[in-house]
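K.L.:
Letter 144 of the sequence shown, counting from 1, is numbered 281 in our numbering, and no numbers are missing.
Each hint should be verified, as a subset may be incorrect.
[Stated by the list, open to error] Distance windows between CB atoms, simulated:
| hint | residue 1 | residue 2 | range |
| --- | --- | --- | --- |
| 1 | Leu290 | Lys490 | 32 to 40 Å |
| 2 | Asp453 | Glu388 | 32 to 40 Å |
| 3 | Pro492 | Leu470 | 16 to 24 Å |
| 4 | Asp215 | Glu309 | 55 to 63 Å |
| 5 | Asn203 | Gly451 | 46 to 54 Å |
| 6 | Glu388 | Gln341 | 52 to 60 Å |
| 7 | Ala219 | Gly451 | 36 to 44 Å |
| 8 | Glu309 | Ser465 | 32 to 40 Å |
If you are wondering where the hints come from, they were derived from the structure by calculation, not from laboratory data. This one's a predicted model, so the numbers in the text were calculated from it and none came from an experiment. Where is the CB? At the ideal position from N, CA and C, for every residue including glycine.
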Amino acid sequence: MNSLFWGRQYFWQESGAGVIDARLFKKLIFFYIREEDKFMANPLVAVADSVFPSLDPAKEALARVNAELKLAEEATPDKILAVAAEADGLLVTYGQITAEVIAGLKNCKVIGRFGIGIDNIDIPVATDAGITVTYAPVYCLDEVSDHAMALLLSLARKIPFANKRAAEGRWEMKAVTPIGRFRCKTMGLIGLGNIPQKIVGKAQAFGINVIASDPYCLDEVFNRLNVEKVELDDLLARSDYVSVHAPLTPETENMFNMDAFKKMKSSAFLVNTARGPLVEANDLAAALEAGEIAGAALDVMPVEPPEADNPLLGRDDVILTPHTGFYSEEALLDLQTTVASDVAAVLAGEAPKYPVKV
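Input sequences plus hints: build the corresponding full structure.
P.N.:
In structure tokens, the structure reads:
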């Protein structure tokens, strides 16, 4: 017999002849809810895709709601829905959570994105469906800012090229000339969010003057960091080093095209640790070939991995790393724990720490 039956018996016994009493009625309701909760299944959290060697940290964070994790065989819409259609929550790294996928989520209350960017999730559709979306905006601030500076230092000091020449037995300085001094150079940051704010102090420690373009960042942040606020065209014209930290939107896609490169110094270096499609790869290759800029260092590409005929591959004036800027062992642990904890919070009826604001 179910708990509702026993609740009715309890109510009848407590009320004598069954006379309705508000206090006893409230007691019955609490009794019913408590007993029914015992029969509820553990929540199911689907995982669209994973780059982690183990999902144990996520499992530990979700243990407080006794969630079961189920990983999709492949990050395609049908494979994702095979595990997520009935799920209470969904975790995703790079898989595309489109309107089609969201429409197939029957019970989903929360989508947690393992990362900072959220361009692989249709946020408006998820919001309209009543689904909370969470992410991890601060898990790899040190790693990406360090990586951006490492790329810049390697590019401007021509370290990979010099290493290649030395390995070939060409122990000479002439091949790497000219190299400029960092002190008193100008770095332009496209965006002044969490990661570029970390870069500011690191660049200033080298004596680099930092300017930034960000229409959404408060003036008090610029003032606190001693960063000059400028318009984008002014930044491109003045900067010796340009570091890209803009979000990927329809407005920012391919923002670094030939028109942008022509506005930069011919001696300038470009660093992108944000999103690959912000930079038009063919235009960048053409700009380098034409001497519009001096070099580029990219941790992200429009298509990953890049196709074999990508014109940026194999160039001495280009440094490529395979989207590793976010990585450290500590960052991976923080990433899983942060996102899974927020998913657990939503499933427990609590407010997440890092919801996507719409």
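K.L.:
If a hint holds in the structure, say so; if it doesn't, say that too.
P.N.:
Tested hints:
At about 34 Å, the CB distance of leucine 290 to lysine 490 agrees with the hint of 32 to 40 Å. The hint said 32 to 40 Å for the Cβ distance between aspartate 453 and glutamate 388, and at roughly 33 Å that hint holds. The given range of 16 to 24 Å is respected by proline 492 and leucine 470, whose C-beta atoms sit roughly 22 Å from each other. Aspartate 215 and glutamate 309 have their C-beta atoms about 57 Å apart, which keeps the hinted 55 to 63 Å range intact.
Checked against the hint of 46 to 54 Å, the C-beta distance between asparagine 203 and glycine 451 comes to roughly 52 Å, which is consistent with it. Hint check: glutamate 388 to glutamine 341, Cβ distance near 30 Å, so the stated range 52 to 60 Å is violated. Taking 36 to 44 Å as the suggested C-beta distance range, the pair alanine 219 and glycine 451 conforms, at roughly 40 Å. Here the CB-CB span from glutamate 309 to serine 465 is close to 36 Å, well matched to the stated 32 to 40 Å.
In summary, the structure is inconsistent with hint 6 from the numbered list given earlier, while agreeing with all the others.
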